[in-house]
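Asker: Residue numbers (our numbering), protein chains in the order written: chain A, 645 to 1035; chain B, 119 to 491; chain C, 221 to 467.
Just so you know, not all the hints are guaranteed correct.
[Stated by the list, open to error] As a list, the in silico EDC-like pairs of lysine to aspartate or glutamate whose alpha-carbon atoms are at most 16 Å apart: (1) Lys332/C <-> Asp851/A; (2) Lys336/C <-> Asp321/C; (3) Lys332/C <-> Asp944/A; (4) Lys302/C <-> Glu936/A; (5) Lys456/B <-> Glu793/A; (6) Lys336/C <-> Asp851/A.
Simulated from the structure, these hints should not be mistaken for laboratory data.
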Amino acid sequence: MSTKSPPRKSPWSWRSRAFRGLIYQVAAMAVIGLAAWFLWSNTLTNMRVRGIQSGFDFLSQPAGFSIGESLYAFDSAESYLRAFGVGLTNTLRVAIAGIVLATILGTLIGIGRFSRNGLVRGLCSAYVECFRNIPVLLQLLVWYLVLTEVFPAIQDAWKLGPFFLSKGGLNFPAPVWAPGEAWLGAGLLAGLALAWFWRRWARRQFDLTGRARSMFWMPLALVLAAALAGWLAGGASTVLDYPVKGEFAVENGGALTPEFLALLLGLTMYTAGFIAEVVRSGIASVPAGQGEAAAALGLDRRMEIRLILLPQALRVIIPPLTNQFLNLTKNSSLAVAIGYPDIVSIANTAMNQTGRAVECIAILMSVYLTLSLLTSAGMNWYNARVAIKER
Amino acid sequence: MDGTGTSAAGFRPVPARPAPRSTEGAWPWMRANLFGSWQTTAGTVVLGALMLWLLPRLVDWALLRAVWTPDLAACKAMEGVGACWGVVAEKYRVIIFGRYPFEEQWRPLVATVLMVAILVASCTRPFWKRWLVLLWAGVLVAFFVLMYGNVLGLSKVETDRWGGLPLTILLSSLSIVLAFPIALLVALGRRSDLPAIRAFCTIYVELIRGVPLISVLFMASFMFPLFMPPGLTIDVLIRVLVGITLFAAAYLAEVIRGGLQAVPKGQVEAAATLGLSYWQTQRKIVLPQALAMVVPSIVNSFISIFKDTSLVSIVSLYDLTGALDLAINADANWKPFKLQGYFFIALIYFLFCFAMSRYSQWVERQLNAGRRR
Amino acid sequence: MTEPIISFDKVNKWYGNSFHVLRDIDLKVARGEKIVICGPSGSGKSTLIRCINRLEEHQEGRLVVDGVELTDDVKAIDEVRKKVGMVFQQFNLFPHLTVLDNLTLSPMWVGKLPRKEAVEKAMQQLERVRIADQANKYPLQLSGGQQQRVAIARALCLTPKIMLFDEPTSALDPEMIKEVLDVMIELASQGITMLCVTHEMGFAKAVADCVIFMDEGQIVESAPPHDFFNHPQSERSRDFLSKILGH
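Same shape as in the complex, but just chain A (with noise of 0.2 Å):
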C-alpha cells in the first residue's frame, strides 16, 4: 500500500494552532499597547499643564538638603545624585547588618525548637509566633518610641563603661587608624591563609591515616593568633576614640542614631521568626530514616548532624533564607516612617522638592529590582550546584 502524504494545512487558517497562537498574542500586545499608549499620552498632558518638568538631569543639580546621617561627607550643596548614593550606602548599612544579626538569631531560635528542654521550646514557639503575627512597621514604630522615649535625655545619658546610651542614640569608643593597623590586616589575610593550609593539611591527614582533627576551632585560633601578631607587630597601638559628654551633644566616638538602632532591632526581630520557621522546617524535612541510618550504622550524635543531617537541610533552607533576606532588604524601606535617610527617603525628599515623581520613583524601583534579581541568579547558581542528583 502506498503511503500517502498528510494533506497540506493552509498556514493561514483559523485551524491552525500556530496561526491561532499567533493572533492571540497579536491581540494581547494590541491591547496592552493601546493601555500603555492611552497612559503615556494622558501623562504626558497632565505634565504639560501641570508644568512638571521630566528628565533626569536634575541628578546633577545641588540637593538643596541635608541627610541626618551618612556614611560619607555630604553637604546640601552636593548633588542629588550624590545624595542618592547616601540613601544607597544607609539602605545597604541597615540590610547587611539585619541580616547578619538576624540570620544568627533565627537560626539559634529555629535550632531552639528542637530542644529536649521543654520551657526552651515553649519560648521559641512564643516568640515565633508573636514577632510574626504583628506588622513591621509597628515594631519599628514601638521600637523608635521605646529608644526616643525610654532612653535619657543626653544631659543625662546611661554611661555603661566607655558607652553612652540616650535619646541621641548609641556612642562607643571607635579605634583611630593609626599607621600600625596595616601590620594588623596583614596579620588577619596571614592568618586566614594559614587556616586554609590546616584544613587542606588535616583533610590529607584524614583520608590517609583517619585521624580526624579540628577543622573549625584550630583554624580560628590560628587567624586570632596571627591576627594578633600582626597587631604587636604594628606596635599595639590601642588608642581608641572615647566619647565624651559635652554640653548639647555627646562629642568623639563613633555614634549610632536611634533611627538606625531602631530601624536595626525591629527588621532584625520581625525577621529573625521568619528565619527561624525556614531552618525549623528545613531540619524537620530530612526523614527520620536518615537519622536512623547514620545511628545503625554508629555515627554518634555530632557525626550525625555534621555529615547526614546539616547538608541534607541546608540545601532545603538556603533558597527560602535568602527569600528572607530580601525580604529584609525591602522592609527596610520602611525607614521613612521613622526618619532614617535610606534610598526611599531621599527619593521621597527628592521628589517633594524637584515634583520629579515618575523619575525618583524609577531609581527607586530599579535599585531593588537590582538587587533582587542579583541575589536570585546567586540563588540559582548556588541551587543548580548543590542539587541532589536524582535520575
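Here the structure of chain A is known, so what remains is to put chains B and C in place on it, guided by the hints.
Answerer: Chains B and C in isolation, oriented as in the chain A frame:
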C-alpha cells in the same frame, strides 16, 4: 534453636497491661522535658529563675496596678508603675474608627462585623457553595452603602474620613478578592506556550516581587493621577487599593503557579483525549485541583496583605496604625502613654493574624488527611 | 551449649502508657542462625528487631547482644551497633553522597580507617552484591532494587556479626524483589547471623533455620520452616498462613 516451645501447646496469650513507669501525664512530661539531663535541668533552672523574676513584674505593671479608666490624673500618678490602659478607654473610638463622624460610628461597626462575618463564613464548609459569590457581592455593596451613605437616608461620609479597623479590613479583603482573578490569569499566562504573553506575565510578576510595597504605594499615590485624563481625579482610597491589588496579584500568581505545577501532567493529557478545550480543561480539571492544594498558601498571603495594609499610613490613609498616631500625637495630655496605645493595636493585629494562621494550619491538616490512605 | 548471640529475657515494651507492644518476649538466637519473623501488621515484629540495635528501648526485661547487655549505657550501645548491621524498608541511603561515599562513611568516621582501606573494603562489598559499576553514582540515580543492594553492602562494610532486615523488599516493585532476595540468600550461605522480618515465604523456606510467628506483641509459634508451613500448631498461625499463602 530458640528457647520458646516450638509447639503452640506451650503458648499462653499474655494480656496487655499498663506500662510500669508512666510516660504520659504531667509529672512524667516534666521529668522528660524539664529535667531530662543535667544540661536540660540547668537550662530549666536559669530560664525558670528569669521568668519568675520577670513575670510577676510584668503582670503587676500590665494588670494589677494598671489604670483601666480614662482618668488622666490617675494615669499620671501611676506612670512607670502601672500601665495606663485609660488611654485606650479614652481614645478607642478614634483608634478603631479613625476620623469617621462620631454619631455615625455605628455604621462602620456594622459594616466591619458584616465583613468579618463573611470572611469567617467563607472558611467553613457549609458555605462552600456557588451562592457564596453572590453573598460576597451583597456584603460588599452593603459595606459601601453603610460607609459612604448618601442613600437610604444615611448621611454622606467622604472616603478620606474612613479609617481604623474598617479601613484595614476593607483594604485587605477587597484587594485579595480583586487580585484573585488577575492572579489566575497571570499564573496561567506564565505557563502559556505563547511567548509574548508568557514574557509579559513574567515581567509583571518579577517586577512587582522585586520592589518593596512602599514604592508601589508611592507609584499609586504620585503617578496614578498623572495617568488619568486631565480633569479626572481619583480618590486616594481607590489609588491605594489599586496599588495593593496589583501587589497582591503578583504574589498570589506565584502561589497559584506553584499549585498548577503540582497538578500531574497526566490530568491535562486525559482531558485532551476527552476532547476538552484549553479553557474547559483549566476550569474543570486543573484549577480545582491546583487551588485546593494551595489554600494554606493563599491564607498566608492574606495574612501578609493584612499586615501590609499598615503601610498605607505612610501615604496618609488612616488605617489602624495611622489612626493611632492621629488619636494620640495631637493630644499632649495622653502622648506619654502612646506605648500602651501601640500595645493595644498590636494585640488586635495579633489576634486576627494568629487566628488566620491557625486556620491555615487546620486547612493544611484537612488536605493532608484526604491524601493519606 | 554455646552462648546464644542474642538473648531476650522476659522483654516487655510499651509505647506511651497503654500500648503494650512487646509482651514477655523470650528468644535465644544462636550464632550463625537464620531467623525469619512474620506476622500481621502491628504485631511488634519490627519493634523486636529494632530493640536489638537500640533504635527502640525496652522497658522491662533483659536483652543481651554478643555478651553486651543493652541498657542506657551509651558505650554499650555504641559497641553493639558496631557489631549489628541493619537494612531498612525505605533503604535510607544518604542522597547527597555517592554510593561509594555512603559505604566508606562509617569505616572512616567510626572505624577510623584510612581512606584507601575504606575504599577497598567498600569495593569488596559492592562486588559481593554485584553493583560495583555504580560506585560513583548517586543513590537517587539508581533503581529501587539497586538502592537496597547498596544498603545491604553499606551494612556489610562494618563486618557485622548480626544482620537485621526490616521488610527489605516491601518497598520494591515485583521485578526487583528477586535481585535483593538473591543477595540475601547468598549472604545466608556465608555463616552470618540473620534476623529477617519479611512476607517473602519463599525466602523463608529456602534459607531460614527457624520461622517465628508473632501476633499482638508475643511470639506465638516458632518452628523450622517445614514444620511451620505444613503443620502450624496454633489457630492464629493457621489463620495467618491461609491469608498470605491463599492467593
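Asker: Taking the hints in turn, state whether each one holds.
Answerer: Consistency of the hints with the structure:
| no. | hint | verdict |
| --- | --- | --- |
| 1 | Lys332/C <-> Asp851/A | holds, 10 Å |
| 2 | Lys336/C <-> Asp321/C | holds, 12 Å |
| 3 | Lys332/C <-> Asp944/A | holds, 13 Å |
| 4 | Lys302/C <-> Glu936/A | holds, 14 Å |
| 5 | Lys456/B <-> Glu793/A | holds, 10 Å |
| 6 | Lys336/C <-> Asp851/A | holds, 7 Å |
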